[in-house]
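Protein chains: 2
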Amino acid sequence: MTPKSLEICFTPASFDAHADSEAVVVVIDVLRATSSICTAFANGAREIIPVATVEEAMEMKSRGYLLAAERDGYVLDFADFGNSPFNFTPEKVKGKSVAYSTTNGTGIMKRASECHDVVIGSWLNMSALCRWIEGQGRKVVIVCAGWKKRFSLEDAVCAGALAEKLLETGRFTTICDSVHAATDLWSVARGDLLGYMEKAAQRSRLRDKGLDDCIPYCHTVDMTDVIPVLRNGKLVAI
Amino acid sequence: MTPKSLEICFTPASFDAHADSEAVVVVIDVLRATSSICTAFANGAREIIPVATVEEAMEMKSRGYLLAAERDGYVLDFADFGNSPFNFTPEKVKGKSVAYSTTNGTGIMKRASECHDVVIGSWLNMSALCRWIEGQGRKVVIVCAGWKKRFSLEDAVCAGALAEKLLETGRFTTICDSVHAATDLWSVARGDLLGYMEKAAQRSRLRDKGLDDCIPYCHTVDMTDVIPVLRNGKLVAI
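Those protein sequences? They're chains Y and X, same order as listed.
First residue of the first sequence: 166, per the working numbering; consecutive thereafter.
First residue of the second sequence: 166, per the working numbering; consecutive thereafter.
Take these hints with a grain of salt, some might be off.
Which copy is meant is left open, so a pair is good if it fits within one copy or across any two.
Unchecked claim - In the BS3-like style, the derived pairs of lysine-lysine whose C-alpha atoms are separated by at most 30 angstroms in a straight line are:
1. Lys364 - Lys314
2. Lys374 - Lys226
3. Lys374 - Lys169
4. Lys169 - Lys314
5. Lys226 - Lys330
6. Lys275 - Lys314
7. Lys330 - Lys314
8. Lys330 - Lys364
9. Lys275 - Lys313
10. Lys304 - Lys314
11. Lys364 - Lys304
12. Lys330 - Lys275
13. Lys330 - Lys313
14. Lys364 - Lys169
15. Lys364 - Lys257
16. Lys314 - Lys259
17. Lys304 - Lys330
Simulated from the structure, these hints should not be mistaken for lab results.
Treat the numbers as computed from the prediction; the structure is a model and nothing was measured.
Just chain Y, same shape as in the assembly (with noise of 0.2 angstroms):
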């Protein structure tokens, strides 16, 4: 089998320029977002529905879904929690649809969504997704959700992880300048993940605010199995 063409986004931003209606989007957003649906899903919620807008958010609301949503790192006043993994407990998920609205996450899964599918990644459940999209035989994008189109640390750490391990299948080749930059950064984090991050402004911007609990968390490779993957506008584990 030929190797698939392997690609990463380091912003939304410049998505456009990776788009590709063949591909397997991967979106992580380490923190939080990311990590949310996957505890999400592996605390059995049901699905999870994207929505890029404040607006749309108090609309889900209005309609009886639990709701997730946040905006700089704050619970919007309106939703039933914000972004923090430690909320999506099975005492609160299982068996729910839960509609979900963040800063910088939940809009490329939207934007993304031309693609042929587009799938959740995070630490929390790299190798199962390895071996999921491995299984695909497609074209992968791995979009980093950023920080208001800023290039983020840790997403691109992530990125970089996977990137590797989808390198190293074999089914996989690269010419994408990001992808070699992510693995690069990888190979100097590697050692010492957690104190890497300690540089990332998104670990600031947690900590400035007291929600930085949750960055060791965020960081436990392959605690689920879980793959949400975006089917008619809502996230289900399959």
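Got chain Y; can you put chain X on it based on the hints?
Relative to chain Y, chain X alone:
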């Protein structure tokens, strides 16, 4: 003096998130626009007028300007020459006004002109540029031209080397993840810069077109002291 903020913007697609009317913007397009611009001034060019579109380039040619213009590495057929630094010889450019249009580099120079200053960076003028920037006492945003909204390894590594030099002066501070990433990539690449660049996509693009003869030259450190700065839409050397 309070240290000033230092940021790197990896592609023009993210420029909105970094733009600041008080900032000095350094544009880097190692292969080949900003290396060629430094070469042109080192060889005595009077001024260089960046033009963003093919139509504007044609217009400048019809007004009698010497025109350097390329798209995707190919010389535009009505141009006097293309984008290789080896074109900008003293015989051709000394004392001349040159209109210049390239795939990635010149567009962002025009977009950044709303900022306090736009200055041209490359390996060729690295130390002189660092001294000049240090003297400005302003916030700095280094913008990598990239490739059609994509991240480029050669620009990111050069930006990382410049960022490291600026941070070493003690006059700058950063909370920008791109700066951490770029300086780490520079630390990976520095032992064998040309060897590292073998994996850059632009290196392959140029090789495929037989245009890669300039790559070692474009990675020569401190070949010149010129500081090309944008003044009223024209680059001049100061």
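Outcome of the hint check:
Proximity of Lys364 to Lys314 under the C-alpha cut-off of 30 angstroms is found in both arrangements, the shortest distances being 19 angstroms within a copy and 26 angstroms between copies. Only within a single protomer do Lys374 and Lys226 lie at most 30 angstroms apart by alpha-carbon distance; the minimum there is 25 angstroms, versus 56 angstroms between protomers. Taking identical chains as interchangeable, the C-alpha atoms of Lys374 and Lys169 lie at most 30 angstroms apart only when they sit on different chains, with a minimum of 24 angstroms there against 42 angstroms within one chain. For the homomeric pair Lys169 and Lys314, the shortest alpha-carbon distances inside one copy (27 angstroms) and between copies (22 angstroms) are both at most 30 angstroms.
With identical chains, the CA atoms of Lys226 and Lys330 are never at most 30 angstroms apart, being 39 angstroms at best within one copy and 51 angstroms at best between copies. In this homomeric assembly, Lys275 and Lys314 come within 30 angstroms of each other (Cα to Cα) both inside a single copy, at 16 angstroms, and across copies, at 20 angstroms. For a Cα distance limit of 30 angstroms, the shortest separation of Lys330 from Lys314 qualifies both inside one copy, at 26 angstroms, and across copies, at 26 angstroms. Taking the shortest Cα distances, Lys330 and Lys364 sit within 30 angstroms of each other both inside one copy (25 angstroms) and across copies (19 angstroms).
In this homomeric assembly, Lys275 and Lys313 come within 30 angstroms of each other (Cα to Cα) both inside a single copy, at 16 angstroms, and across copies, at 23 angstroms. Taking the shortest alpha-carbon separations for Lys304 and Lys314, both the intra-copy value of 24 angstroms and the inter-copy value of 19 angstroms come in at or below 30 angstroms. With identical chains, the CA atoms of Lys364 and Lys304 are at most 30 angstroms apart between copies only, with a shortest distance of 20 angstroms across copies and 32 angstroms within one. For a Cα distance limit of 30 angstroms, the shortest separation of Lys330 from Lys275 inside one copy, 26 angstroms, qualifies, whereas the shortest one across copies, 41 angstroms, does not.
For the homomeric pair Lys330 and Lys313, the shortest alpha-carbon distances inside one copy (28 angstroms) and between copies (27 angstroms) are both at most 30 angstroms. When the C-alpha separation of Lys364 and Lys169 is checked against a cutoff of 30 angstroms, the pair qualifies only between copies, where the shortest distance is 18 angstroms, while the shortest distance within a copy is 34 angstroms. For the identical chains of this complex, Lys364 and Lys257 are neighbours neither inside a copy (33 angstroms) nor across copies (48 angstroms), given an alpha-carbon limit of 30 angstroms. In this assembly of identical chains, Lys314 and Lys259 lie within 30 angstroms of each other by CA distance neither inside one copy nor across copies; the values are 33 angstroms within and 41 angstroms between.
Only within a single protomer do Lys304 and Lys330 lie at most 30 angstroms apart by alpha-carbon distance; the minimum there is 15 angstroms, versus 39 angstroms between protomers.
In this structure, the hints that do not hold are numbers 5, 15 and 16, in rising order.
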